[in-house]
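S.K.: Each chain, written out:
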Amino acid sequence: MGNISPFFSSKSNVSISKIDKELVEGCLKNDRVSQRKLYEKFAPKMLVICMRYAKTKEDAEDILIEGFVKVFAGLEKFKQESSLDTWIHSIMVNASISYFRKNSKHYQVGSLEDELFEIPNSSDLDGLAHLTGKDLMQTLQSMPDHLKCVFNLVAFDGYDYEQISTELGINIGTARSRMSKGKAWLQERINKIQKLS
Amino acid sequence: MLKQTEQTNLQHLLENFTEQPSQGVWNSIESQLNVVLPQSGQSLTQTTATGKGSSIFSKIAAAPLKAAAITGSVAIVSTAAIITIQVLNHKPAQQNFQIPATQKTELALVSDSVALQSDENQTPVQEHVSKGIIQSPQIVNEPVSQNPVNNSINTTPTYTVAQGKPVTSNQTANTNTLKQEPTTKPVVSSVTNMSDPVLQNQEFEPFNPVKVTIPNVFTPNGDGYNDQFVIEGIENCNDNKLIIKSSSGKLVFQSSDYQNDWNAENCPDGVYIYYFVYKVNQIEEKMMGKVIIKR
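Chains as they are written, first to last, in my numbering: chain A, 759 to 955; chain B, -6 to 288.
None of these hints come from the bench; they were simulated from the model.
Heads up, a few of these hints could be off.
Said to hold, decoys possible - Here are the simulated SDA-like pairs of lysine to any residue, each with C-alpha atoms no more than 20 Å apart in a straight line:
| # | chain 1 | residue 1 | chain 2 | residue 2 |
| --- | --- | --- | --- | --- |
| 1 | B | Lys234 | B | Glu278 |
| 2 | A | Lys776 | A | Val791 |
| 3 | A | Lys799 | B | Thr11 |
| 4 | A | Lys795 | B | Val18 |
| 5 | A | Lys803 | B | Asn20 |
| 6 | A | Lys795 | B | Glu23 |
| 7 | A | Lys803 | B | Gln4 |
| 8 | A | Lys795 | B | Gln13 |
| 9 | B | Lys(-4) | A | Ala887 |
| 10 | B | Lys(-4) | A | Asn879 |
| 11 | A | Lys803 | B | Gln16 |
| 12 | A | Lys892 | B | Asn2 |
| 13 | A | Lys815 | B | Asn2 |
| 14 | A | Lys803 | B | Gln0 |
| 15 | A | Lys950 | B | Leu6 |
| 16 | A | Lys815 | B | Trp19 |
Said to hold, decoys possible - Looking from chain B toward chain A, a few residues come up when the C-beta cut is under 7 Å (computed):
| # | residue |
| --- | --- |
| 17 | Thr1 |
| 18 | Asn2 |
| 19 | Glu225 |
| 20 | Leu244 |
Heads up, the beta-carbon is just placed ideally off N, CA and C, and yes, glycines get one too.
Sequences and hints are given; from them, build the entire structure.
M.R.: What follows is the structure, encoded as structure tokens:
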């Protein structure tokens, strides 16, 4: 549970801070006060991660709940070699993936079309400078489910296509095509937002 | 497809973005923690109405219980309306959890282990979802016509699940044990691990049980030993029907009124799935499982 993706383990030569270490110790003793403190500290940021993967804030909170229960239940396994933030982050991503697998109406393993889909040479995402964080978040939330999961894993959470293929149980070709389509979808949305502003 | 710079730009946009969770979120986490990581002396009672009870309950069930939180055995006592979970030998103290049993209540206890289902109109069934370590007895309800209402309060069936006891090597069969005569109370009828001290303290009622045992491996290689797929106890199985499918779902054998004579002709070695349906005392029973054919 909670395999830290390579993206994070390379960043995490920051090991656990002293404050976090104390929090963890309290939580390991199953002290509800410490657990609440840990939750209060990390939840706002972690909810953002879950919101990227979910359609609504309510769904995101469901993922958050499941994620935190896993955090506390599995805290013994946390080796404290990486930062606590990194570890919790990876659990949230895993919880988001499970959520996607369980709930997405469009959850399909992928089709031959995906494999044959030719990835167009795309230019860089344009117009990001005109977006606010809120814009981006809302846009991500409305991205079609099957594209959204892959897009998030690549763009934000450092997964490569092989890992995505394994985690989601889809073919690599499908993963790539969804990423490409997700990016194209995002670009279209950005263009629309720009036109309105 | 997405360059490092693009990734950085995207991430940068959300870097300082936070979102406060709603008020109830911590409560939900805490109530799951009360099941998964119970604190000593704490009891958990669900008193919500039927509809809500089951949905909250299944959320709790979704979180697997930490193995260290429950040591020893978990005993489940079922009354008409409440499922009480007693955590025995819990360190530091015995824990009781009471949860209202609604039409359909699912509970998953212990990391990747027990799942329980209680539907008041049907036979309560226990399946263990674990890797075969946990053995649980099966309860048989009296026929619906005799007693359409659920268990009376005085005769609560008790079934226990022992955790962490490995399957011994001679437990290779799938056993279904039924009472030969109908009774007026539910009965614990088969326990495959009697060495558990908790189980020994329970009261059981089976007498002259009908035991139906289906092997999970057989070797049709002509050596005279184990050459047919033999279902023990089949003489008590009326109106029986056996279906064998390959692991890819292809039907390879079927028989109504099976005579213990299948020898897996034209079936290569491998894993197959059996479905065996039969009646005892007019009650239909089903058994299903895997059988390995190895010559």
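S.K.: If a hint holds in the structure, say so; if it does not, say that too.
M.R.: Cross-check of the supplied hints:
| no. | hint | result |
| --- | --- | --- |
| 1 | B/Lys234 - B/Glu278 | holds, 11 Å |
| 2 | A/Lys776 - A/Val791 | holds, 18 Å |
| 3 | A/Lys799 - B/Thr11 | holds, 11 Å |
| 4 | A/Lys795 - B/Val18 | holds, 14 Å |
| 5 | A/Lys803 - B/Asn20 | holds, 19 Å |
| 6 | A/Lys795 - B/Glu23 | holds, 12 Å |
| 7 | A/Lys803 - B/Gln4 | holds, 13 Å |
| 8 | A/Lys795 - B/Gln13 | holds, 14 Å |
| 9 | B/Lys(-4) - A/Ala887 | holds, 16 Å |
| 10 | B/Lys(-4) - A/Asn879 | holds, 12 Å |
| 11 | A/Lys803 - B/Gln16 | holds, 16 Å |
| 12 | A/Lys892 - B/Asn2 | holds, 14 Å |
| 13 | A/Lys815 - B/Asn2 | violated, 24 Å |
| 14 | A/Lys803 - B/Gln0 | holds, 18 Å |
| 15 | A/Lys950 - B/Leu6 | holds, 18 Å |
| 16 | A/Lys815 - B/Trp19 | holds, 15 Å |
| 17 | Thr1 | violated, 10 Å |
| 18 | Asn2 | holds, 5 Å |
| 19 | Glu225 | violated, 40 Å |
| 20 | Leu244 | violated, 25 Å |
Violated hints, listed in ascending order, are 13, 17, 19 and 20; each of the other numbered hints is respected by the structure.
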